[in-house]
Amino acid sequence: MKENEKGRRDFMGMALGACAAVGGVGALYAAKRTWDPLPSVKAAGFTTIDLSMAQENVLNVEKWRGKPIFILKKSADMKADDRDIVIGTDRYHVSIGLCTHLGCIPAYEKDQHKFKCACHGGEFDASGHQIFGPPPSPLEIPPFKIEGTKLVLGETGPEYQKMLDAGLTV
Amino acid sequence: MAHFEKANSLNEWLDQRLAINTLKRVLNTEYWIPKDINFLWAMGMVLAATFGMLVISGIFLLMYYKPDTNLAFDSVNYTIMSEVGYGWLWRHIHGVGASIVFLIIYIHMFTGIYYGSYKKGRELIWLSGMGLFVAFSAEAFSGYMLPWGQMSYWAGMVITNLFSGGSLEAYGLVEWIRGDYVPGDAFLTRFFMLHVLLLPLVIIGLIVLHFGTLRIPHVNNQEGAEIDFKEAADLWKAGKKKESKVIPFSPVFLSKDVFVMGVYFILFFYLVFYNFNFAMDPVNFDPADGLKTPAHIYPEWYFLWSYEILRPFGKDAGLIAFGIAQAALFFLPFIDRSPNVAPAHKRGLFQVWFWVLLIDMIALTALGKLPPTDPTFALLGKISAWTFLALGPILVVITMFEKKIEKGA
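Those sequence lines, one after another, are chains A and B.
If you're matching positions, the first sequence starts at 1 in full-length UniProt numbering and goes up one per residue.
If you're matching positions, the second sequence starts at 1 in full-length UniProt numbering and goes up one per residue.
For reference, chain A alone in the conformation it holds in the complex:
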């Protein structure tokens, strides 16, 4: 084989490699994007909840992005917490009702003022802090914005931003 012929084959090899790399990266990116949530799914990610009807120590469960949302109006004897949403003189605990361990829905024990997850025995207090079992972090607070007595979930308001900055939720 002549020298220049070897050079030509090397060039063809490199050209093939470069084309395959560009095509491969492109295909991987397209495949990644194909699996992203659809725009219609993302657009449906806002929910408005009216808090004025809530009763003390009664758990309301609403739905946002397919997930259960816990809304608990705290009674006077329940401890105040930085994670409470305060509207007027009322304090509310609002969180995504999925155990932070593996995502089961804890049940609210009215008398003991705590959430208990049957799946792996995790427990949270009425402010959503984990107090027993495998959950690694408190119940998450969904992004919210306060509008009067209404809560818009999916939108980041100043109160939520404050909690985020203080590291009270992720």
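Simulated from the structure, these hints should not be mistaken for laboratory data.
C-beta atoms are modelled at their ideal positions from N, C-alpha and C, and glycine is treated no differently.
Treat each hint with caution, since some may be false.
[Stated by the list, open to error] Subject to a maximum C-alpha distance of 25 Å in a straight line, what follows is the list of computed DSS-like cross-link-like pairs (lysine-lysine):
| id | chain 1 | residue 1 | chain 2 | residue 2 |
| --- | --- | --- | --- | --- |
| 1 | A | Lys116 | B | Lys382 |
| 2 | A | Lys42 | B | Lys292 |
| 3 | B | Lys292 | A | Lys67 |
| 4 | B | Lys24 | B | Lys256 |
| 5 | B | Lys292 | A | Lys114 |
[To be verified] Anything over 12 Å on all C-beta distances counts as not near chain B; from chain A, calculated:
| id | residue |
| --- | --- |
| 6 | Ala15 |
| 7 | Ala20 |
| 8 | Asp36 |
| 9 | Thr48 |
| 10 | Ala54 |
| 11 | Met78 |
| 12 | Lys145 |
| 13 | Ile146 |
Following the hints, complete the assembly by docking chain B onto the known chain A.
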């Protein structure tokens, strides 16, 4: 082009073009199997046959199943079960087959461990087999999603939440896997694709590879004896069938395989017709509800042992333990340092190790089914999980000191 003579028969015509006679010789009539193997070695063909049943019943189910969160539950529980003629039969074959295939896989695996069939020269047989186990697990899990009952939904929720461990959550990995904030339509359709197309293709490819890995090192035997296959095959071909240590795969060994398969299918269809309920979780007959968790979430029996290894630990540690449990058995050929290819009952401490492993996995399976609330059982679960994790390093140590078994001893 090559030169072709006029063919006098279809066989000859095909042979000229496809070399089918050579293929038949290499794969069947001159593929030598040791005489000294028991019925446990038939499990491979039993598995292949069960996979065949799953494919065929799956094709019939596929014709009426609807991969849509609003329609899936009824398409299975109403259309297929009540409307489609003999739809119940395909579903029960598919359900029972999916469950029983794991029983046979476990028997097949433990046979391999007991007789040392993963050792030097046969590592690829073990690795491709473990690859099949993982592929079957993914296939079973994705199939479990499809009826979209309560257990389907929550199993999907719990298992995909594993990918929110550590800092993975920050990258939105869970939402990317689901294509939604919770398991929804996108989730169902992509698992449907995995279950009916991608994973079956992977499984078929791996089965071909698994068979291929057997061809050169040959099947192990009950004594782990090294056989000179060429010499033994020559004896057989010379008509000295008694003296030869081997028999051809087809038709001689296959007849035994077929007999075992016959017995197996009596059991299989007994289950399909009279006891299909064991493979059907009652919770999964409630339609999926994202706002209600079943009181106690547990996987099918064949995943319970690895589920129980995940359970006693915190989230991130649990994820790591679960990962180790899934991958640990892959390393068996490399952590067993013993020079012996021999059945466990001839290998001293290894025999103890084998039975501890088997009993520990049965204990994990039993404990995995129990609710996590009882502290005694939770403790037993923790001990069993640690035992499983400790068995790997223990194997390295005990096999390092294993003495070479002398031939004929």
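Reported absence of threonine 48(A) from the contact zone with chain B (all CB gaps over 12 Å): 17 Å, holds
Check on alanine 54(A) being off the interface with chain B, judged by Cβ distance over 12 Å: 17 Å, holds
Hint consistency between lysine 116(A) and lysine 382(B) [alpha-carbon to alpha-carbon, up to 25 Å]: 21 Å, holds
Given hint lysine 256(B) paired with lysine 24(B) - CA-CA distance at most 25 Å: 19 Å, holds
Methionine 78(A) non-interfacial with respect to chain B [C-beta, more than 12 Å]: 24 Å, holds
Proposed proximity, lysine 114(A) with lysine 292(B) (alpha carbon, max 25 Å): Given pair lysine 292(B), lysine 114(A) holds - Cα atoms ~18 Å apart, limit 25 Å.
Given as non-interface: aspartate 36(A), partner chain B, CB spacing beyond 12 Å: 6 Å, violated
Claimed clearance of chain B by alanine 20(A), with the beta carbon kept past 12 Å: 22 Å, holds
Status of lysine 145(A), Cβ more than 12 Å from any chain B Cβ: The assertion about lysine 145(A) holds, with a minimum of 18 Å to chain B.
Non-interface label on isoleucine 146(A), tested against every C-beta of chain B at 12 Å: 22 Å, holds
Given hint lysine 292(B) paired with lysine 42(A) - CA-CA distance at most 25 Å: 23 Å, holds
Chain B versus alanine 15(A) - minimum CB to CB distance exceeding 12 Å, so not interface: Answer for alanine 15(A): holds, closest chain B Cβ roughly 31 Å.
Hint 8 from the list above is the single one not met by this structure.
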